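Protein chains: 2
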Amino acid sequence: MSVLVSGSIALDNVKTQKAAKDNLLGGSASYAAIASSFFSPTGICGVVGHDFPEEHLNLLKSRDINLEGIEFSAGETFRWTGEYMEDMNDRETLEVALNVLESWQPAVSDCQKESVSINLLANAHPANQHAVADQVEGKASFNIADTMDLWIQISRPELEGLLKKIDLLVLNDSEAKLMMDTSNLIAAGKQLREMGPKYVIVKKGEHGAMLFGDGEFFTCPAFPLNEVFDPTGAGDSFIGGFAGYLAQLGKSEFSFSDLASAMARGTIVASYACESFSTEKLQDLTHEEFNQRLETFRSYCSFS
Amino acid sequence: MSVLVSGSIALDNVKTQKAAKDNLLGGSASYAAIASSFFSPTGICGVVGHDFPEEHLNLLKSRDINLEGIEFSAGETFRWTGEYMEDMNDRETLEVALNVLESWQPAVSDCQKESVSINLLANAHPANQHAVADQVEGKASFNIADTMDLWIQISRPELEGLLKKIDLLVLNDSEAKLMMDTSNLIAAGKQLREMGPKYVIVKKGEHGAMLFGDGEFFTCPAFPLNEVFDPTGAGDSFIGGFAGYLAQLGKSEFSFSDLASAMARGTIVASYACESFSTEKLQDLTHEEFNQRLETFRSYCSFS
Chain A
1 MSVLVSGSIA LDNVKTQKAA KDNLLGGSAS YAAIASSFFS PTGICGVVGH DFPEEHLNLL
61 KSRDINLEGI EFSAGETFRW TGEYMEDMND RETLEVALNV LESWQPAVSD CQKESVSINL
121 LANAHPANQH AVADQVEGKA SFNIADTMDL WIQISRPELE GLLKKIDLLV LNDSEAKLMM
181 DTSNLIAAGK QLREMGPKYV IVKKGEHGAM LFGDGEFFTC PAFPLNEVFD PTGAGDSFIG
241 GFAGYLAQLG KSEFSFSDLA SAMARGTIVA SYACESFSTE KLQDLTHEEF NQRLETFRSY
301 CSFS
Chain B
305 MSVLVSGSIA LDNVKTQKAA KDNLLGGSAS YAAIASSFFS PTGICGVVGH DFPEEHLNLL
365 KSRDINLEGI EFSAGETFRW TGEYMEDMND RETLEVALNV LESWQPAVSD CQKESVSINL
425 LANAHPANQH AVADQVEGKA SFNIADTMDL WIQISRPELE GLLKKIDLLV LNDSEAKLMM
485 DTSNLIAAGK QLREMGPKYV IVKKGEHGAM LFGDGEFFTC PAFPLNEVFD PTGAGDSFIG
545 GFAGYLAQLG KSEFSFSDLA SAMARGTIVA SYACESFSTE KLQDLTHEEF NQRLETFRSY
605 CSFS
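These protein sequence lines are chains A and B, in that order. All residue numbers for the first sequence refer to the numbering used here, where the first residue is 1 and numbers rise by one. All residue numbers for the second sequence refer to the numbering used here, where the first residue is 305 and numbers rise by one.
One thing to keep in mind: the hints can contain errors.
Stated by the list, open to error - Have a look at the derived ranges for each label pair, beta carbon to beta carbon:
#1 A/S103 <-> B/S606: 45 to 53 Å
#2 A/Q17 <-> B/S608: 48 to 56 Å
#3 A/K198 <-> B/K365: 49 to 57 Å
#4 B/S606 <-> A/S276: 25 to 33 Å
#5 B/S608 <-> A/G215: 39 to 47 Å
#6 B/D518 <-> A/G215: 19 to 27 Å
It should be emphasised that the hints constitute simulated quantities derived from the structure, not laboratory data. Please read all numbers here as calculations on a predicted model, not as lab measurements. Glycine included, every Cβ here is placed at the ideal spot set by N, Cα and C.
All chains, please: the whole structure from these sequences, using the hints.
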């Protein structure tokens, strides 16, 4: 195992203007772990309830994801219910039931600790992210944390503390602006680096993502999709693919250029996440399809 | 002269949260012609009033822009007054006075007709764009038209007719969505091509621009700016720089890759337009500065 992904494991009820499906595998860690496992051995740390379907567990197992960090709790699994509008950028959260996530105390297994090289703290409460970071301290060569608007609003001190422990922060454009209280994304990215992480990735959905380093910058467009079926988990898949690709490089230190390459891979993985409910498209992705889309993407970004 | 730019010539009163200035040189044709003249001999076709300052005319002359297509009218110059909010993406138009633009009958000079290779119909009423297109018919090897939401709303039949006469349509993301009644920009770009133009460019402001061709696609990020001083005319400068660069190639036909290269040049030119009021930064731009920023931009977009 090379990538340890911790975060939420959810059951999602998703409605779009074209279709609806309940009890889908969701959550930041599920998407990220499945994306990461496309490239590298991956472990997952999270919590599920008694209602968590066997088929979802089997899917994770089928990708050789190490499940030792999953707590099987007596309560009900974290559940998110949401609806996408005609404009897929507009989504309404209809219901959030934290359930077993509320009292989750992350426990990374010894085996997971020993084999982690990339530690991906997928979106979760900063207290949970701290707990995992502390358990793998000194073990991983690269630590990544994702976050969201809610934690910026209600857990800012814990989040700021976390920024001192990680190498890379990843967040959405609106979250970067919120956190740095500026409307300029470039300024926000630069300022976020000053809070601790050596690198910052600002995700912009259909507009791609930007990487900020020490005097270095990379901008990565999104892969163009004529139709977005369900964008849930695209950002988690992006960073999961990013982490998995980094681990595959087998290095103990990464250059800025390595991170840029990883963003391109994460972008392609994320594009597949948008083409179906849950991880349906992602889990069937072949390396041949992936490589073909990556080369197409390269041609879409090239100019002389 | 290689590029003929027609469109509005304006006096702008611009207010940002940091500064304000009146009687600035503005208008789609002014920005585009100054940007184009950075690369290639350029002519302009438009109308100004008796109040149009000598210094603005002198600026155009200083760049060797052919002014024979400018009508000097007895009325007052077209004037736009606007204010940018803290978020530079939000701007409020406080006043628009069409003045001499209202009865403008574009007249391209014989000299301009004979030397045009790229015909850039910068944003103007589609009737004016038709008039210029008809006057240079068969003369230019490449015809480009820009447009805006207002014309899509009130002059759609004329605009649709224009799409049959041009090689490339350029418009903003919100305008592309409005025109094709879809929230998916990729779908909008593809559908716009079906209305006539061989190529479509969708501009996305701080997120760059996308080029759609026949089964071909190119996505160009914006140059990252830590601070945007005044984005007025950035889109016009982009397409002006694009046209000027194309003309500089000295070809009678352009490949998709030529257009992609031109977009990168337009992007750099547009970034300078955002760094000052009016064309102040653009007009002082040296080829050394430009080339340096282009190389920086190239590194910002590269991945292996």
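Unmet hints by their number, sorted upward, for this structure
2, 5, 6
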